Structures are given as structure tokens and as C-alpha cells.
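Chemist: Generate coordinates for the entire structure from the input sequences, incorporating the hints supplied.
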Amino acid sequence: GDSVTQMEGPVTLSEEAFLTINCTYTATGYPSLFWYVQYPGEGLQLLLKATKADDKGSNKGFEATYRKETTSFHLEKGSVQVSDSAVYFCALSDNAGNMLTFGGGTRLMVKP
Amino acid sequence: DTEVTQTPKHLVMGMTNKKSLKCEQHMGHRAMYWYKQKAKKPPELMFVYSYEKLSINESVPSRFSPECPNSSLLNLHLHALQPEDSALYLCASSQFGNTIYFGEGSWLTVV
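Respectively, the protein sequence lines represent chains A and B. According to the working numbering, numbering within the first sequence proceeds without interruption in unit steps and concludes at 112. According to the working numbering, numbering within the second sequence proceeds without interruption in unit steps and concludes at 1111.
Bear in mind the hints are in silico, worked out from the structure with no lab data behind them. Wrong hints could be hidden among the right ones.
Claimed, not checked - Keeping only pairs whose Cα atoms sit at most 35 Å apart, straight-line, the calculated DSBU-like set for lysine-lysine is: (1) B:Lys1040 <-> A:Lys56; (2) A:Lys49 <-> B:Lys1018; (3) B:Lys1036 <-> A:Lys68; (4) A:Lys52 <-> B:Lys1018; (5) A:Lys52 <-> B:Lys1040; (6) B:Lys1040 <-> A:Lys111; (7) B:Lys1038 <-> A:Lys111; (8) B:Lys1022 <-> B:Lys1041; (9) A:Lys77 <-> B:Lys1040.
As the list claims (entries may be wrong) - Covered stretches of chain A (in silico footprint by chain B; criterion: 3 or more residues with CB under 8 Å from a CB of chain B, positions within the stretch not fixed): (10) 19 to 28; (11) 67 to 73.
All of these numbers come straight from a predicted model, not from anything done at the bench. No residue lacks a Cβ here, since even glycine has one placed at the ideal position from N, Cα and C.
Modeler: Okay, structure coming up:
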């Protein structure tokens, strides 16, 4: 079945540092890929998505590129802020788009 | 801002109580979901409704009873829960084949 693997956290960075959170997937067909963010005490918010190979999703300074050849969807940000501290989930949806498979989540802590 | 609204945000209930979680969306989505999330874990799918009909039940105990009164509303009725059912319950919605959007969640504590 489908699966998503993302780097374990916590990831601790200083403000303005470069961020990479790795995500790889196993899936049949052509899934869509997502990054969701969960701030403390809140629900999940869609951060960005990509629906086909070589698509780049971007939002709030975050970017991720759908790499079919390496089955990856790594999340990057050039300069993190304290307000980016949260848990980040990589996910894929099946071909019908009706179900999500989540990675285990990566906690990011950004220190001033 | 999320357009999926969940109430209540916090709920404390005893093991003999009956309570309900409510979810509402006005995006015209025809698929609605309940997820359960334990601390430091990703969300786990519980139920999926398609066109107000239950299409997926991920072997959830019968003490959780979903209901979809209409295309905008989704309820989760709770009865005789156990302390291990304490978790964040997330409602979500989507239009088929498109992005799934989540609400802010309802924090449930069973005492």
C-alpha cells in the first residue's frame, strides 16, 4: 500500500536559518502530494501541494517540488522565523483523491 | 483561515456520558471525514461520507457513531467512551479528487 516517510524530529534551528524537511513516498499510480502544518493547539492547515511530477508548490516562503524519479517531496524554506515553529506533515492522496496517507510528522523548533 | 468549523473546541466527558461533536462546512464539498489524532502522531482516518452516505468505516468501535444530516453538516456521537479515546478529533471536507481541508479540531478528554 501507499506510504510516506519523513525525517524524524525535532528539528531545531536558529531564526533565519535554511530549512529542509525530507519526505519520500511509495505509491501506485500518480498521487497528489501535500504538506500540512499544525501549530500548537490547532488543527491541520494546508501549506502547499503539487499534483503532478515536476510541479512546485509554494506558500509563505515554503517550497516543495514533486520529484517522481526520486519519489520525494522535500520541504524547504530559505529563512525560518520563530512563528514557523510547528509540526509539519507530508501526505499523499490516492488517485481518487479521497484518502490521505500521512508521514509521521516532523516537529520544527525555531529559536530567536 | 479554515472554512471547516468544529464545535465544541474542548469537551470533557465521563465514561457514561453521551455527547456529540459537530462539524460544518459551506464550501459545497460532498465528501466529509472524521479523523482521530493522538499526541505526537499523525491523524488516523475514522469515517468518510460521500454524498451524505457512509462510504468508509475504518473499523472504528461502535461507541463512535457518525451522522451526516445534510451536505454541510457532520456529527460524531459519543457514548460509553474510554479514557484511551481522549484525543483531538478532526473534521475535514473535500470535493472529490481535490484537496482535503481540515477544521481546528475538538479536544476530547474522557475521565
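Chemist: Each hint needs a verdict: does it hold in this structure or not?
Modeler: Hint check results:
1. B:Lys1040 <-> A:Lys56: holds, 28 Å
2. A:Lys49 <-> B:Lys1018: With Cα atoms ~39 Å apart, A:Lys49 and B:Lys1018 exceed 35 Å; violated.
3. B:Lys1036 <-> A:Lys68: holds, 30 Å
4. A:Lys52 <-> B:Lys1018: Violated, at about 45 Å.
5. A:Lys52 <-> B:Lys1040: Between A:Lys52 and B:Lys1040 the Cα gap is close to 30 Å, so the pair holds against 35 Å.
6. B:Lys1040 <-> A:Lys111: holds, 20 Å
7. B:Lys1038 <-> A:Lys111: Holds, because 26 Å separates the two Cα atoms, which is no more than 35 Å.
8. B:Lys1022 <-> B:Lys1041: The given pair, whose Cα atoms are some 23 Å apart, holds under the 35 Å limit.
9. A:Lys77 <-> B:Lys1040: OK: A:Lys77 and B:Lys1040 at ~23 Å, within 35 Å.
10. 19 to 28: Violated, because only 0 residues of the segment 19 to 28 of chain A bring their Cβ atoms closer than 8 Å to Cβ atoms of chain B.
11. 67 to 73: violated (count 0)
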